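There are 2 protein chains.
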Amino acid sequence: MRTALTDMLGVDVPLVGFNRSPGVVAEVTRAGGFGVLAATSYSPEELDVQLTWIEERVQGRPYGVDLLVPATTTVGDPADLVASLRAQIPAEHIEFVRGLLERYGVDPGDLSRGFGAADDQVEGIAPTGVEALLDVAFSHDISLVANALGPPPPSLVERGRKAGVAVAALVGRAEHALRQLDAGVDLLVAQGTEAGGHTGTVATMVLTPEIVHIAGDTPVLAAGGIASGAQMAAALALGAAGVWCGSVWLNSVEDITPVHVKRKFQTAASTDTVRSRTRTGKPARQLRSAWHDEWERPGSPEPLGMPLQMMLAKDAWQRIDAAAEAGAEGARELESFFVGQVVGSFEEPRPTARIVAEIAAECEERIAGLWRML
Amino acid sequence: MRTALTDMLGVDVPLVGFNRSPGVVAEVTRAGGFGVLAATSYSPEELDVQLTWIEERVQGRPYGVDLLVPATTTVGDPADLVASLRAQIPAEHIEFVRGLLERYGVDPGDLSRGFGAADDQVEGIAPTGVEALLDVAFSHDISLVANALGPPPPSLVERGRKAGVAVAALVGRAEHALRQLDAGVDLLVAQGTEAGGHTGTVATMVLTPEIVHIAGDTPVLAAGGIASGAQMAAALALGAAGVWCGSVWLNSVEDITPVHVKRKFQTAASTDTVRSRTRTGKPARQLRSAWHDEWERPGSPEPLGMPLQMMLAKDAWQRIDAAAEAGAEGARELESFFVGQVVGSFEEPRPTARIVAEIAAECEERIAGLWRML
Chain Y
3 MRTALTDMLG
13 VDVPLVGFNR
23 SPGVVAEVTR
33 AGGFGVLAAT
43 SYSPEELDVQ
53 LTWIEERVQG
63 RPYGVDLLVP
73 ATTTVGDPAD
83 LVASLRAQIP
93 AEHIEFVRGL
103 LERYGVDPGD
113 LSRGFGAADD
123 QVEGIAPTGV
133 EALLDVAFSH
143 DISLVANALG
153 PPPPSLVERG
163 RKAGVAVAAL
173 VGRAEHALRQ
183 LDAGVDLLVA
193 QGTEAGGHTG
203 TVATMVLTPE
213 IVHIAGDTPV
223 LAAGGIASGA
233 QMAAALALGA
243 AGVWCGSVWL
253 NSVEDITPVH
263 VKRKFQTAAS
273 TDTVRSRTRT
283 GKPARQLRSA
293 WHDEWERPGS
303 PEPLGMPLQM
313 MLAKDAWQRI
323 DAAAEAGAEG
333 ARELESFFVG
343 QVVGSFEEPR
353 PTARIVAEIA
363 AECEERIAGL
373 WRML
Chain E
3 MRTALTDMLG
13 VDVPLVGFNR
23 SPGVVAEVTR
33 AGGFGVLAAT
43 SYSPEELDVQ
53 LTWIEERVQG
63 RPYGVDLLVP
73 ATTTVGDPAD
83 LVASLRAQIP
93 AEHIEFVRGL
103 LERYGVDPGD
113 LSRGFGAADD
123 QVEGIAPTGV
133 EALLDVAFSH
143 DISLVANALG
153 PPPPSLVERG
163 RKAGVAVAAL
173 VGRAEHALRQ
183 LDAGVDLLVA
193 QGTEAGGHTG
203 TVATMVLTPE
213 IVHIAGDTPV
223 LAAGGIASGA
233 QMAAALALGA
243 AGVWCGSVWL
253 NSVEDITPVH
263 VKRKFQTAAS
273 TDTVRSRTRT
283 GKPARQLRSA
293 WHDEWERPGS
303 PEPLGMPLQM
313 MLAKDAWQRI
323 DAAAEAGAEG
333 ARELESFFVG
343 QVVGSFEEPR
353 PTARIVAEIA
363 AECEERIAGL
373 WRML
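Just so you know, the protein sequences line up as chains Y and E, in that order. Start counting the first sequence at 3; every next residue gets the next number (our numbering). Start counting the second sequence at 3; every next residue gets the next number (our numbering).
No lab work stands behind these hints, which were simulated from the structure alone. Any given hint could be a false lead.
[Unchecked claim] For the chain E half of the interface with chain Y, some residues (derived, Cβ under 7 Å), not all of them: (1) 5; (2) 235; (3) 343.
[Claimed, not checked] A few chain Y residues that don't get close to chain E, going by computed Cβ distances all over 10 Å: (4) 14; (5) 83; (6) 142; (7) 159; (8) 186; (9) 257.
[To be verified] Pairs of lysine-lysine residues, derived as DSBU-like cross-links and limited to a Cα-Cα distance of at most 35 Å, are as follows: (10) E/264 to Y/284; (11) E/284 to E/264; (12) E/164 to E/284; (13) Y/284 to Y/164; (14) Y/264 to Y/284; (15) E/284 to Y/264; (16) Y/284 to E/284.
All values reported here derive from a predicted model rather than from experimental measurement. For glycine and all other residues, C-beta sits at the position ideal for the given N, C-alpha and C.
Using the sequences and the accompanying hints, generate a full structural model.
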């Protein structure tokens with residue numbers, strides 16, 4: 003297939019695979035698509051190791067990274083920032099999470115002392131932390147940097163231009179797209195409300211043509227609700243130059259999501275996700291579980307903003323994940339992860355390369371089928 | 003174009019146009035699509051007049067009607083049912099709506115006495131009322147009866163079989179589709195969350211292939227987010243045999259929606275709708291306005307169920323519509339109507355026939371464009 007995306011990135015299949023597992027990223031690229039590593043939770047050292055590993059696997063084929071790069075560049079010690087943020091988490095919220103964990107038999111530990119687990123990630127989105135991650139990324143043979151946190155700073159756009167690295171941005175509404183285009187991005191990803199993770203309210207069917215109309219010559223990928231060749235063909239019909247898939251890889255054999263979460267995904271219906279602020283502070287789609295029921299109960303506190311809610315929740319989630327892994331029943335009731343409405347289509351896990359091949363083949367079949375309708 | 007829908011209904015374009023304006027219904031059919039009259043708010047006498055008018059316009063071309071037919075057939079006097087329901091509306095809710103209208107300068111009238119305006123509609127969904135409407139519909143040359151209120155009763159399916167009238171059902175999730183198939187419907191409409199009116203939570207991009215997979219040989223139409231040929235091509239790529247469009251006609255010249263509501267639609271963005279229970283008691287997508295802000299304010303009552311909330315709201319909405327028509331500023335702030343997220347694409351109103359022709363032409367262009375990508 004040939005689209006503006008295959009031309010821009012030099013790939014065979016206009017399909018971007020977004021995932022935090024280096025194995026998935028490498029396999030998407032090796033199968034003819036374009037793998038993008040969700041790198042926000044890596045330290046610079048970890049990122050360096052992972053990108054080196056990916057490059058050994060892909061042998062010159064193109065891939066990219068996804069970071070949270072803030073538009074404003076304040077200066078300061080990340081440790082000070084973390085301490086200052088931590089002090090802003092109300093005692094009521096800490097007590098609520100402690101009580102929630104205890105009710106489900108998960109050891110809350112000494113939550114009041116820390117949330118240490120989330121500190122790395124906060125450092126990663128603090129300006130100095132991001133610069134270190136960007137330095138690592140640009141020292142590798144990347145073809146694309148994606149940023150989901152507002153418009154990229156001019157320094158990133160310039161850096162991308164110089165290095166021949168495309169800068170991509172995820173958008174959920176028209177105004178965001180206009181801001182991203184003003185900032186000079188090379189590629190827009192129109193992400194519909196059905197997507198996993200942070201999403202807006204507008205569905206892919208409506209959002210994609212709206213963003214394509216605004217974007218002019220800038221290529222637009224469709225994201226949200228795309229896990230099959232039929233859905234990829236639909237996205238191309240809407241004017242997208244390709245698709246950005248996230249959730250589908252969570253059911254691949256290379257994905258690092260814990261096996262008991264994957265099993266929950268496999269039995270979930272498309273109606274079993276919820277767009278909730280309880281995990282990061284911003285609306286993000288995830289599998290509905292007892293965790294969300296607890297936060298929605300009358301008397302529960304309102305979720306905090308980002309990054310406070312993320313700091314509050316992330317340490318709790320590490321404890322929940324560990325307890326669920328160890329077989330604790332209550333923890334498994336709470337267990338969840340970011341996933342889109344396509345979770346309802348998950349069956350047995352498949353190798354990533356096979357998923358790419360099947361999506362591409364079905365997409366071509368669907369297009370041929372449409373042609374025969376005329 | 004040729005699909006299972008064009009074969010089943012004998013139309014040129016696999017596009018169903020759903021609207022309460024007889025003029026829109028007739029024009030969709032005359033333009034080669036299939037018009038369906040939203041007939042729930044008509045009395046039997048009115049319906050008879052409207053269907054006679056439509057038939058004069060379409061001259062033998064096929065069209066259908068949409069009713070709310072309950073699956074259970076209790077017997078009783080509709081007047082008793084209305085009185086019994088009216089008595090169940092809490093005084094708190096009546097006072098809240100009265101206060102709301104007064105704050106926006108709309109005369110609430112004597113709300114405590116009646117909600118008379120809604121009585122016709124309640125009679126229309128009471129079993130005896132529906133039977134009278136069905137008798138009228140089957141005395142005309144209809145080709146399809148659609149039902150949005152759960153599975154059709156066996157009597158309706160049988161009546162449809164005998165008369166050669168297809169029975170269609172709108173579904174928003176897989177379980178509903180299974181129940182409709184068990185009841186023997188001839189056509190399923192998979193309606194995504196982005197649609198106007200009553201909707202579920204799953205987006206068209208995800209719901210359509212899910213329902214197509216379940217439906218086997220039963221044709222499936224996609225609804226929600228479809229107002230252009232690009233979106234129609236996308237729906238066909240997802241496996242739909244055609245599309246069911248509602249919102250797009252609200253911006254046609256034949257549509258009977260008041261002109262000041264249409265103007266609000268034309269300036270609205272795709273993010274300006276809300277899925278709210280405040281108008282009918284069930285989640286229905288509509289244009290967000292001051293009405294919804296008032297119901298969401300802390301201290302406002304929870305919306306009632308259906309049909310109580312519909313009875314409570316409908317009389318208020320007749321007063322709001324009338325006051326807005328007369329130019330009252332406050333009423334125009336409250337003013338709203340059911341519409342999907344495609345409202346963001348509304349520009350100048352076009353004749354219905356031109357909308358059908360443009361959708362069909364763009365759909366074919368998009369399919370040809372996809373073919374060239376291969």
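Assess, step by step, whether the Cα of residue 284 of chain E is no farther than 35 Å from the Cα of residue 264 of chain Y, and give holds or violated.
-> holds, 33 Å
Consistency of the no-contact label for residue 142 of chain Y, given chain E and a CB cut of 10 Å | At roughly 31 Å from the nearest Cβ of chain E, residue 142 of chain Y sits farther out than 10 Å, so the non-interface label holds.
Has the given pair, residue 264 of chain Y with residue 284 of chain Y, been kept, meaning a C-alpha gap of at most 35 Å?
-> holds, 24 Å
Proposed proximity, residue 284 of chain Y with residue 264 of chain E (alpha carbon, max 35 Å) | Roughly 33 Å separates the two Cα atoms, so the pair holds.
Evaluation of the interface hint that places residue 5 of chain E against chain Y, nearest CB under 7 Å = Residue 5 of chain E check passes; min Cβ-Cβ to chain Y is 6 Å, inside 7 Å.
Mind checking the alpha carbons of residue 284 of chain Y and residue 284 of chain E for me, to see if they're no more than 35 Å apart?
-> holds, 26 Å
Against chain E, does residue 257 of chain Y keep a CB gap of more than 10 Å to every residue?
-> holds, 20 Å
Interface restraint verdict for residue 343 of chain E against chain Y (beta-carbon cut-off 7 Å) | Residue 343 of chain E check passes; min Cβ-Cβ to chain Y is 4 Å, inside 7 Å.
Would the least Cβ to Cβ distance between residue 186 of chain Y and chain E come out above 10 Å?
-> holds, 24 Å
Determine whether the non-interface label on residue 159 of chain Y survives the test: each CB of chain E must be over 10 Å from its CB.
-> holds, 26 Å
Please work out if residue 284 of chain Y and residue 164 of chain Y have their alpha carbons no farther apart than 35 Å.
-> holds, 33 Å
Are the Cα positions of residue 284 of chain E and residue 264 of chain E separated by 35 Å at most?
-> The given pair, whose Cα atoms are some 24 Å apart, holds under the 35 Å limit.
Violated hints are absent here; each numbered hint is respected by the structure.
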